[in-house]
Amino acid sequence: MQAQQVLETVASDFKQVNQLIVEQLSSDVPLVEKIAHYIVESGGKRMRPLLVLLTSNALNYKGSDNIKLATIIEFLHTATLLHDDVVDTSDLRRGKATANAKWGNAPSVLVGDFLYSRAFQMMVQISSMPIMNILSDATNVIAEGEVFQLMNCKNPDVTEENYMEVIKNKTAMLFQAASHSGAVVAEGSPEQQAALRDYGLHLGLAFQLIDDVLDYTGSAEDMGKNVGDDLAEGKPTLPLIYAMKHGSNEQAQMIRNAIRKGGLEDLSLIKSAVQTTGALDYTINKAKEESDKAKACLNTLQDSIYKDALFALANLAVDRNH
Numbered sequence: 001m002q003a004q005q006v007l008e009t010v011a012s013d014f015k016q017v018n019q020l021i022v023e024q025l026s027s028d029v030p031l032v033e034k035i036a037h038y039i040v041e042s043g044g045k046r047m048r049p050l051l052v053l054l055t056s057n058a059l060n061y062k063g064s065d066n067i068k069l070a071t072i073i074e075f076l077h078t079a080t081l082l083h084d085d086v087v088d089t090s091d092l093r094r095g096k097a098t099a100n101a102k103w104g105n106a107p108s109v110l111v112g113d114f115l116y117s118r119a120f121q122m123m124v125q126i127s128s129m130p131i132m133n134i135l136s137d138a139t140n141v142i143a144e145g146e147v148f149q150l151m152n153c154k155n156p157d158v159t160e161e162n163y164m165e166v167i168k169n170k171t172a173m174l175f176q177a178a179s180h181s182g183a184v185v186a187e188g189s190p191e192q193q194a195a196l197r198d199y200g201l202h203l204g205l206a207f208q209l210i211d212d213v214l215d216y217t218g219s220a221e222d223m224g225k226n227v228g229d230d231l232a233e234g235k236p237t238l239p240l241i242y243a244m245k246h247g248s249n250e251q252a253q254m255i256r257n258a259i260r261k262g263g264l265e266d267l268s269l270i271k272s273a274v275q276t277t278g279a280l281d282y283t284i285n286k287a288k289e290e291s292d293k294a295k296a297c298l299n300t301l302q303d304s305i306y307k308d309a310l311f312a313l314a315n316l317a318v319d320r321n322h
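Just so you know, we're using UniProt numbering here: the sequence shown kicks off at 1 and counts up by one.
For the record, the hints were derived by calculation from the structure and aren't laboratory data. Treat the hints with care, as some may be off.
Just the calculated beta-carbon pair ranges, DEER-fashion [as the list claims (entries may be wrong)]: (1) Q275 with I305: 35 to 41 Å; (2) Q253 with D28: 53 to 59 Å; (3) Q19 with G263: 40 to 46 Å.
Mimicking EDC-like on lysine to aspartate or glutamate, the simulated pairs with C-alpha atoms at most 20 Å apart in a straight line are [said to hold, decoys possible]: (4) K168 with E187; (5) K293 with D113; (6) K45 with D319; (7) K288 with E265; (8) K295 with E233; (9) K34 with D113; (10) K245 with D137; (11) K168 with D137; (12) K271 with D303; (13) K286 with E165; (14) K45 with E8; (15) K307 with D292; (16) K286 with E160; (17) K154 with D88; (18) K96 with E33; (19) K102 with E33; (20) K102 with D266; (21) K102 with D84; (22) K96 with E8; (23) K45 with D308; (24) K168 with D157; (25) K261 with D88; (26) K245 with E165; (27) K293 with E191; (28) K261 with D303; (29) K62 with E187; (30) K154 with E144.
Note that beta-carbon positions come from the ideal geometry of N, C-alpha and C, so glycine has one too.
All chains, full assembly: derive it from the sequences and hints.
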């Protein structure tokens, strides 16, 4: 199954999600609507709402709360993007100017707050305490992950364990919340709910690990962001951590200096270092391990096109160029 085929399995549900997104973005404040529409419509993969739809359908769900849930997940994700871009002073996302580059930091942060609060209003409408628990806990953990990452910025002594904890909290947590809440809304068995929760976690980790590889191998055109963005911000990602540990003293020192000061002065040399030390292969293999763990979690599901799509998604998370 290719990406388009995965999307086609829940095409009618996605149409309803997109309609609900537009309805729920309405605001009496024109700038809120303008920025929210801009960021939501800027061509993201919609992986997290897709997870909600696939997991709920894989458990044969026949209601409509999964549409609301997918919209909530997309709003939570979009809010984190708005805040992330301000914190990282990013000027490009998905090939377009970021909201903060276009309107400034203050409006971006405040519209992120609007999306968070709208998501929580919609959670109340679903009236499920287990789902509110999952999503409120996830939102809190993601916020902690953001702070943890900020503390790690420009610190070349971050360990692989520290780094994995950051990406678990910052990225994988919302994948986990999406697949877990999709299973809960569909009233899957406790075993299925736990398995699909873990599926989302492993899928999210695989996805982020490949993102970190693409920061050194992708093109700005394919990725929709600047190559070397993480390095420019002084973020010690796994390819850098591995290269510092296994490269020459000269390579390790160069990477340490680049992380400490941020910036791209040595980008070409660092790209060469992560390649020659095997750091990219190591990170790709870690991503494949997480993808395999995600696929193993699907054994609790009955065969269906939705299960096939979830399986394909775990492969696609690793096999991509943007």
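Hint by hint, here is what the structure shows:
1. A hinted range of 35 to 41 Å for the beta carbons of Q275 and I305 is consistent with their spacing of about 39 Å.
2. Q253 and D28 have their C-beta atoms about 56 Å apart, which keeps the hinted 53 to 59 Å range intact.
3. Distance hint for Q19 and G263: a CB-CB separation of about 44 Å, consistent with the stated range 40 to 46 Å.
4. At roughly 26 Å between alpha-carbon atoms, K168 and E187 are farther apart than 20 Å, so this suggested pair is violated.
5. A hinted pair counts as satisfied when its Cα atoms are at most 20 Å apart, and K293 with D113 does not qualify at roughly 34 Å.
6. Of the pairs offered as hints, the one joining K45 and D319 holds, with about 15 Å between alpha carbons and a cut-off of 20 Å not exceeded.
7. In summary, the hint linking K288 to E265 is not supported, as the alpha carbons are separated by about 31 Å, beyond the 20 Å threshold.
8. At roughly 33 Å between alpha-carbon atoms, K295 and E233 are farther apart than 20 Å, so this suggested pair is violated.
9. Taking the CA atoms of K34 and D113, the gap is about 15 Å. The hint holds against a cut of 20 Å.
10. Proposed proximity of K245 and D137 is contradicted: the alpha carbons are some 35 Å apart, above 20 Å.
11. At roughly 14 Å between alpha-carbon atoms, K168 and D137 fall within 20 Å of each other, so this suggested pair holds.
12. Simply put, K271 and D303 have alpha-carbon atoms about 43 Å apart, too far for the 20 Å limit, and the pair is violated.
13. A distance of roughly 14 Å separates the Cα atoms of K286 and E165; the hinted pair therefore holds under the 20 Å criterion.
14. Restraint check: the Cα-Cα separation between K45 and E8 comes to about 14 Å, which is no more than 20 Å; the hinted pair holds.
15. A distance of roughly 15 Å separates the Cα atoms of K307 and D292; the hinted pair therefore holds under the 20 Å criterion.
16. Straight-line distance between C-alpha atoms of K286 and E160 comes to about 11 Å, which keeps the hinted pair within the 20 Å bound.
17. A threshold of 20 Å between alpha carbons decides the hint, and for K154 with D88 the separation of about 12 Å falls inside it, so the pair holds.
18. Note on K96 and E33: the hinted pairing holds, with a Cα-Cα distance of about 18 Å set against a maximum of 20 Å.
19. About 14 Å separates the Cα atoms of K102 and E33, which keeps this hinted pair within 20 Å; it holds.
20. Annotation: proposed proximity of K102 to D266 is violated, straight-line Cα distance about 29 Å (limit 20 Å).
21. Simply put, K102 and D84 have alpha-carbon atoms about 15 Å apart, close enough for the 20 Å limit, and the pair holds.
22. Proposed proximity of K96 and E8 is contradicted: the alpha carbons are some 26 Å apart, above 20 Å.
23. A threshold of 20 Å between alpha carbons decides the hint, and for K45 with D308 the separation of about 19 Å falls inside it, so the pair holds.
24. Taken as a hint, the K168 and D157 pair is honoured in the structure, with Cα atoms around 19 Å apart against an allowance of 20 Å.
25. Using a Cα cut-off of 20 Å, the hinted pair K261 and D88 holds, with the two alpha carbons roughly 14 Å apart.
26. Restraint check for K245 and E165: satisfied, since their Cα atoms lie roughly 19 Å apart, inside the 20 Å limit.
27. Straight-line distance between C-alpha atoms of K293 and E191 comes to about 16 Å, which keeps the hinted pair within the 20 Å bound.
28. As the CA atoms of K261 and D303 are separated by approximately 51 Å, the hinted pair breaks the 20 Å bound.
29. About 11 Å separates the Cα atoms of K62 and E187, which keeps this hinted pair within 20 Å; it holds.
30. At roughly 18 Å between alpha-carbon atoms, K154 and E144 fall within 20 Å of each other, so this suggested pair holds.
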